[in-house]
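Trainee: Throw the hints in and build the complete structure from the sequences for me.
There are 2 protein chains.
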Amino acid sequence: MRASRFPLFTVKETPADADTLSHQLMLRAGMIRKLAAGIYTWTPLGTRVLHKVANIVREEMNRTGALEMLMPVVLPKELWEESGRWDKYGDLLLRIQDRKKAWYCFGPTHEEVICDLVRHEIKSYRQLPITFYQIQTKFRDEIRPRFGVMRAREFLMKDAYSFHLDQASLDETYRSMYQAYTRIFTRLGLNFRAVSADSGDIGGDVSHEFQVLAESGEDAIAFSDQSDYAANIELAEALAPARERPKPSEICTKIDTPGKTTCKEVAAYLKVPITSTVRAIAVVGSGGFALILVRGDHELNETKLKKIEGFGDYRLATEKEIELHLRCRAGYIGPVNLNPYPDMHRNRTLYTATASAPINELAPFMLIVDRTVDKMSDFVCGANEAGYHCRGFNLDRDLEQGYIVADIRKVAEGDPSPDGKGTLRIVRGIEVGHIFQNGRKYTEAMHVSVLDDQGRTQTPITGCYGIGVSRIVAAAIEQNNDERGIIWPDSIAPFHIALLPLNMHKSEKLQSEAEALYKELTKDGYEVLMDDRPLRPGPMFADAELIGIPHRVVLSERGLNAGSVEYKGRRDASNHDVPRRELLTFLKERVRISISP
Amino acid sequence: MRASRFPLFTVKETPADADTLSHQLMLRAGMIRKLAAGIYTWTPLGTRVLHKVANIVREEMNRTGALEMLMPVVLPKELWEESGRWDKYGDLLLRIQDRKKAWYCFGPTHEEVICDLVRHEIKSYRQLPITFYQIQTKFRDEIRPRFGVMRAREFLMKDAYSFHLDQASLDETYRSMYQAYTRIFTRLGLNFRAVSADSGDIGGDVSHEFQVLAESGEDAIAFSDQSDYAANIELAEALAPARERPKPSEICTKIDTPGKTTCKEVAAYLKVPITSTVRAIAVVGSGGFALILVRGDHELNETKLKKIEGFGDYRLATEKEIELHLRCRAGYIGPVNLNPYPDMHRNRTLYTATASAPINELAPFMLIVDRTVDKMSDFVCGANEAGYHCRGFNLDRDLEQGYIVADIRKVAEGDPSPDGKGTLRIVRGIEVGHIFQNGRKYTEAMHVSVLDDQGRTQTPITGCYGIGVSRIVAAAIEQNNDERGIIWPDSIAPFHIALLPLNMHKSEKLQSEAEALYKELTKDGYEVLMDDRPLRPGPMFADAELIGIPHRVVLSERGLNAGSVEYKGRRDASNHDVPRRELLTFLKERVRISISP
Chain A
1 MRASRFPLFT VKETPADADT LSHQLMLRAG MIRKLAAGIY TWTPLGTRVL HKVANIVREE
61 MNRTGALEML MPVVLPKELW EESGRWDKYG DLLLRIQDRK KAWYCFGPTH EEVICDLVRH
121 EIKSYRQLPI TFYQIQTKFR DEIRPRFGVM RAREFLMKDA YSFHLDQASL DETYRSMYQA
181 YTRIFTRLGL NFRAVSADSG DIGGDVSHEF QVLAESGEDA IAFSDQSDYA ANIELAEALA
241 PARERPKPSE ICTKIDTPGK TTCKEVAAYL KVPITSTVRA IAVVGSGGFA LILVRGDHEL
301 NETKLKKIEG FGDYRLATEK EIELHLRCRA GYIGPVNLNP YPDMHRNRTL YTATASAPIN
361 ELAPFMLIVD RTVDKMSDFV CGANEAGYHC RGFNLDRDLE QGYIVADIRK VAEGDPSPDG
421 KGTLRIVRGI EVGHIFQNGR KYTEAMHVSV LDDQGRTQTP ITGCYGIGVS RIVAAAIEQN
481 NDERGIIWPD SIAPFHIALL PLNMHKSEKL QSEAEALYKE LTKDGYEVLM DDRPLRPGPM
541 FADAELIGIP HRVVLSERGL NAGSVEYKGR RDASNHDVPR RELLTFLKER VRISISP
Chain B
1 MRASRFPLFT VKETPADADT LSHQLMLRAG MIRKLAAGIY TWTPLGTRVL HKVANIVREE
61 MNRTGALEML MPVVLPKELW EESGRWDKYG DLLLRIQDRK KAWYCFGPTH EEVICDLVRH
121 EIKSYRQLPI TFYQIQTKFR DEIRPRFGVM RAREFLMKDA YSFHLDQASL DETYRSMYQA
181 YTRIFTRLGL NFRAVSADSG DIGGDVSHEF QVLAESGEDA IAFSDQSDYA ANIELAEALA
241 PARERPKPSE ICTKIDTPGK TTCKEVAAYL KVPITSTVRA IAVVGSGGFA LILVRGDHEL
301 NETKLKKIEG FGDYRLATEK EIELHLRCRA GYIGPVNLNP YPDMHRNRTL YTATASAPIN
361 ELAPFMLIVD RTVDKMSDFV CGANEAGYHC RGFNLDRDLE QGYIVADIRK VAEGDPSPDG
421 KGTLRIVRGI EVGHIFQNGR KYTEAMHVSV LDDQGRTQTP ITGCYGIGVS RIVAAAIEQN
481 NDERGIIWPD SIAPFHIALL PLNMHKSEKL QSEAEALYKE LTKDGYEVLM DDRPLRPGPM
541 FADAELIGIP HRVVLSERGL NAGSVEYKGR RDASNHDVPR RELLTFLKER VRISISP
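Line by line, the protein sequences are chains A and B. Sequential numbering of the first sequence, starting at 1, is according to this note's numbering. Sequential numbering of the second sequence, starting at 1, is according to this note's numbering.
One or more of the hints may lead you astray.
Pairs involving identical chains hold if they fit within one copy or between any two copies, as the list cannot separate such chains.
Stated by the list, open to error - When the alpha-carbon atoms are kept at most 30 Å apart in a straight line, the in silico DSSO-like pairs for lysine-lysine are as follows:
| no. | residue 1 | residue 2 |
| --- | --- | --- |
| 1 | Lys12 | Lys123 |
| 2 | Lys101 | Lys88 |
| 3 | Lys12 | Lys52 |
| 4 | Lys410 | Lys441 |
| 5 | Lys88 | Lys77 |
| 6 | Lys320 | Lys523 |
| 7 | Lys306 | Lys375 |
| 8 | Lys123 | Lys34 |
| 9 | Lys506 | Lys123 |
| 10 | Lys506 | Lys568 |
| 11 | Lys34 | Lys441 |
| 12 | Lys254 | Lys34 |
| 13 | Lys77 | Lys100 |
Bear in mind the hints are in silico, worked out from the structure with no lab data behind them.
Mentor: Below, the structure written as structure tokens:
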């Protein structure tokens, strides 16, 4: 491709409204342009990268035996009502009314559509297992689209769905998808981790997220420094400390802590480590009011708390509720002088209270203690009296009521790894893929069935497997850039080689040499952007670097007279002078043209 | 691909609600499944064909230097208001409101979006000409979606847009697109014609439709039997008969024609050829009331009439309007005893009447005479008196008012070709491509400008070029089928070869021979569907024929013992026995694997 015929919409200034590096670089390199909030046009440059990503995904999906198809974008309401998602999906679902006032949605995923196809077309266990996929434009009406194509409303996604007679077959396909995803992200040249993930709204049990590691990532990932263990921080187990709870050694004392309401303030005030303090949090769920205890430096993990019966829908308690149950205002609450409800955790009756309605009635409440707190002794906590804290508090000695112990905190850097190997580190990641085992959630709701080898009707079990194709482009940039711009991995670079003939318009010899080299390189299978624009070398180099072409070959009259050209890899610190006649061999060792498997 | 792992959703019965052959065959072959009115899922089989079509289109577009990009599907109202199309496009435009109540549409074409990109990014004439294209899902909310994917609401389209400093440059790109389209439809193996077309709503002057010839086509095309001339029947010129108008030879006589209101009835009743009769049609436009005369066997061409000043928005006159102006009821109206407005056509003043409001005022009206009628003499026409016609009517002798002569009829089979070579034939076609010269319609409305070589601001002139990718699949089937099913051209066949080992499950030898041959064929670049399902030969043959695989290789134990396999082309009447060791050479001469240019 000649730059004179391939428009580069590069800009020098960093766009004001771009909030991440990849968003800034995609705008500056002219890969995308915003059309509306969360809606982008992909320019010819951006489209080349997007297609390369899509093709790698396609090749690896085909390799697993998954079958490509194309489902509609506009989906009828009736189908979504069958699965219950029409109401449940909320405002993320872009709803559309056609000229006949019938309702549709712009498909955000396609479980209903594929189940509809399967229930009509697949009759026998002999046709299973089967996996379908598509690469398609999707829409989710994000309330705050941001980070450019990273969290856009309209985006390109690969979504796959598998159907099985039994769990063993699903497990096998799941493993095969896990491997395919690993190959895909490896071929894409990304630094990623497959992490155990909470499967969130899609439902089901087993799931893995594929996270590209990057500072700007929205997700936090915990991984072991000595094993393969990796999990979304929402899901990573915080082990109970291995030691026994030490015996009490202090007397429980009430201390005046005026205006000190956070553990950090109290610890500083009392000159104790924050790890000796315990934070109390009051919450309300359908299970009633509850007091939660976590160590002062630990964070409550909402996902874990929601798994406790009666708190799946919990919210923070209001000030009124706190005063009603604890007779104390927030900031000083703690497990001290509570109502005497001995053995609450064994005898408790769950009573109905909705998360949205306040609890007006005084009733027994639960005390939920994090595993770490359970192993602490002589700790500092709120005295349940405004302006005071207690020190030397011990659960077994000083608590007036029963409690339950659970893993309810987020893991922290330095925690022991749940698999017993090494300690945890926390990094941020961008979710680019997600594989789920869905169970029979959709097949049951949509009445999908097949006959097994005994002629009995069976509901297939399913998996679903997504990749954010357009998001990958941004994620790759987050990992591969420097102050001069993007640095593409060879496999998804818009061009492999930037061929830059300096002052070509002043030298016929240079021009014909450049043309000859362009033809040779193209013939060898390289995708070459030859910059034939009448530019000075500076802006020419700057463009090639900004748009991230991984290999640069510079032709100059002086060089040609000496029989050499100048090569520079995008990450190299300096140039190599390469004899012209050795250039092709030289490049062959350095440029990795993506080869289909 | 093995049939055991590639689901064929074939059905024997012709689906009740499929109205054309291609729709029936696509359903029966299991290429598509309906999800909602005009909305289809493409199965793995259908998707293979769809992608092959898309790839041929992509290759040929790239060859012209057009740049692929990807514009959004969801487009903001504001942009469509700039071009005026938000209001003008009508109910075909699927309008969408997002969660913030902002309005969008599902893009049916992308003139606005590309103009928006160009006005921001292209500054100089040096960057022109430039052509952008995309292959993308589009939506048009057809009131009556029909014929399957032929007139679906959701469909796959290639749309391209070119920008130029001047007409000469547009003409050059237009020619290049014309040639690319010709290559595309040739490579697709289609019998097509490029026809001059009325450019309809998109606006502009020059345009060509690419029509695949098929009985079921919605468009009528007129073409010369002795030249390249071809035009949409809406646009084909009806030449004036070459002869002079004969002198009157009959006296104008009023004849009782009770209950005979059509030319056909009157001709039969009077025992004259219908070509001696003239039909009068009363219409109303902003130019007022008008009486139109066409020969009894000719059809009024609405598109042509609309080009006459004052009738761009014409409608048929109501009974009241006819009685008011002609003092006669419909069925017997004619150019007889009209109000005396001599030389109306020279002195007429256009007065305002809207096409929707009836004309209540008696006023001068126009008489518009088709070229053919203008050359007739002694004809039969309505007497402008209920129950009567006239015979022996002659315009120059018997008419009381002036008239204008225009080409306002549809051409008919046997008319002379407008290019003076041969006579016209009429065939039906399916529009699969359309190229337009748009002028500055969109660039002016959207304020697109570039600087020319003198530094002056210029509004670029544009072309746009569409191909209905999904429609092509149906059109190809309309042209290529027999009573057993589809017959794919090699270039877009889902598989090149059906490899059918008969009773493979009973013979280990056959099984290993089939596997070996499958590997050999695949290695040679053929896409092979090996039917390894435990089926009897009948259903196996039927499936391969129904889904249209163009080449069939049958392996049987008896054949192998004799050292031969059986080959049959999908259009062949009988089998060929081919020695096994010569098979690859044999196939090489017959199977055309699509090669990129």
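Trainee: For each hint, tell me whether it holds in the structure or not.
Mentor: Now the hints, each set against the structure:
1. Lys12 <-> Lys123: Classified as between; 16 Å across copies, 59 Å inside a copy.
2. Lys101 <-> Lys88: both (21 Å within a copy, 20 Å between copies)
3. Lys12 <-> Lys52: within (26 Å within a copy, 40 Å between copies)
4. Lys410 <-> Lys441: Close inside one copy (28 Å), not across copies (60 Å); limit 30 Å.
5. Lys88 <-> Lys77: This pair counts as both: shortest intra-copy Cα distance 12 Å, inter-copy 28 Å.
6. Lys320 <-> Lys523: Result: close neither inside a copy nor across copies, 76 Å intra and 75 Å inter.
7. Lys306 <-> Lys375: Within one copy only: 23 Å inside, 89 Å across.
8. Lys123 <-> Lys34: between (46 Å within a copy, 19 Å between copies)
9. Lys506 <-> Lys123: between (71 Å within a copy, 25 Å between copies)
10. Lys506 <-> Lys568: within (24 Å within a copy, 62 Å between copies)
11. Lys34 <-> Lys441: between (37 Å within a copy, 24 Å between copies)
12. Lys254 <-> Lys34: Answer is neither; intra-copy 59 Å and inter-copy 73 Å both fail.
13. Lys77 <-> Lys100: This pair counts as both: shortest intra-copy Cα distance 13 Å, inter-copy 21 Å.
The structure fails hints 6 and 12 (numbered hints given earlier, in ascending order).
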